[in-house]
Amino acid sequence: MSGAELPPEQQAELAKLQTEGAQLSAKFSQNVLDATDAFGIYFDDAAPLAGIPEDALAMFAAAAQSEGKTGYKIGLQIPHYLAVIQYAGNRELREQIYRAYVTRASELSNDGKFDNTANIDRTLENALKTAKLLGFKNYAELSLATKMADTPEQVLNFLHDLARRAKPYAEKDLAEVKAFAREHLGLADPQPWDLSYAGEKLREAKYAFSETEVKNTSPSAKY
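Mapping the sequence shown onto the numbering used here, position 20 (from 1) lands on 20, and the numbers just tick up by one.
Quick caveat, the hints were computed from the structure, so don't treat them as lab data.
Quantities reported herein were computed from a predicted structural model and do not represent experimental measurements.
Worth double-checking, as some hints may not be accurate.
Taking lysine-lysine and the DSS-like style, the derived pairs with C-alpha atoms no more than 30 Å apart in a straight line are [to be verified]:
1) K147 - K16
2) K113 - K137
3) K178 - K206
4) K137 - K16
5) K113 - K27
6) K69 - K132
Label pairs and their computed distance ranges (CB to CB) [to be verified]:
7) L57 - R164: 51 to 57 Å
8) K167 - L82: 47 to 53 Å
9) P168 - T70: 49 to 55 Å
10) R165 - A26: 53 to 59 Å
11) E92 - N157: 20 to 26 Å
12) A140 - L57: 43 to 49 Å
13) A26 - D55: 30 to 36 Å
Glycine included, each C-beta is placed from N, C-alpha and C at the ideal position.
Using the sequences and the hints, build the whole thing.
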């Protein structure tokens, strides 16, 4: 896979593609990080944050304090996102955080400043050129050259079979969460930003189980 058997000019081309691939990967990651860090919602008090655990509120307060501000700052870092999307009773806030999170580093956020579309397109082009230079029809074949699966078709067949087996259970769970949201939370038309919140409420109602209570009473929480 090193291309050592290629003629010198093709080895040089491969090296160029590999260098560019590493740069594209780094730029993609940096854009996601920059888009994440650029986002923030600020609150003067905790009233709009009802339902969010105390440890998460402390995290939000610390984020505000790190900028020399009082109150609370909610960002898009994963602990912030999960605390809101799973526990916040404020549906408008859940939607705002959800939409911001799933559109990070795209043309839909930060006026496209950190848009990764071009990086993704170029990465796909780079991968195809690399694969063909090494004698493969596509990048999937190149990737599988060092893996247990023999062909891309074999992998797709496995994934399709897995999806076929898992889908009924996933659909059943989703239907249960949506039904609970409609019947007990007053959400006539549950949206993606409602599902984690409704799922947590369902667990509490069905099993008397709360992730927050488990975390607060676990031995590790004492240290």
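Hint-by-hint comparison with the structure:
1. This hinted pair checks out: K147 and K16 have alpha carbons roughly 25 Å apart, not beyond 30 Å.
2. For the hint pairing K113 with K137, the CA-to-CA distance comes to about 35 Å; that exceeds 30 Å, so the pair is violated.
3. Under the criterion of a C-alpha separation no larger than 30 Å, the hint pairing K178 with K206 is consistent with the structure, at around 14 Å.
4. At roughly 20 Å between alpha-carbon atoms, K137 and K16 fall within 30 Å of each other, so this suggested pair holds.
5. Between K113 and K27, the direct Cα distance comes to roughly 13 Å. Compliance with the 30 Å bound is thereby established for this hinted pair.
6. Proposed proximity of K69 and K132 is contradicted: the alpha carbons are some 54 Å apart, above 30 Å.
7. Here the CB-CB span from L57 to R164 is close to 43 Å, at odds with the stated 51 to 57 Å.
8. Separated by about 25 Å at the C-beta atoms, K167 and L82 break the suggested range of 47 to 53 Å.
9. Against the hinted window of 49 to 55 Å, the Cβ-Cβ separation of P168 and T70 comes to about 50 Å, which satisfies the hint.
10. The beta-carbon spacing between R165 and A26, approximately 38 Å, falls outside the hinted interval of 53 to 59 Å.
11. With their beta carbons about 44 Å apart, E92 and N157 fall outside the hinted range of 20 to 26 Å.
12. Roughly 46 Å separates the CB atoms of A140 and L57, a value that falls within the hinted 43 to 49 Å.
13. A hinted range of 30 to 36 Å for the beta carbons of A26 and D55 is consistent with their spacing of about 33 Å.
Against the hints set out earlier in the document, violations occur for numbers 2, 6, 7, 8, 10 and 11.
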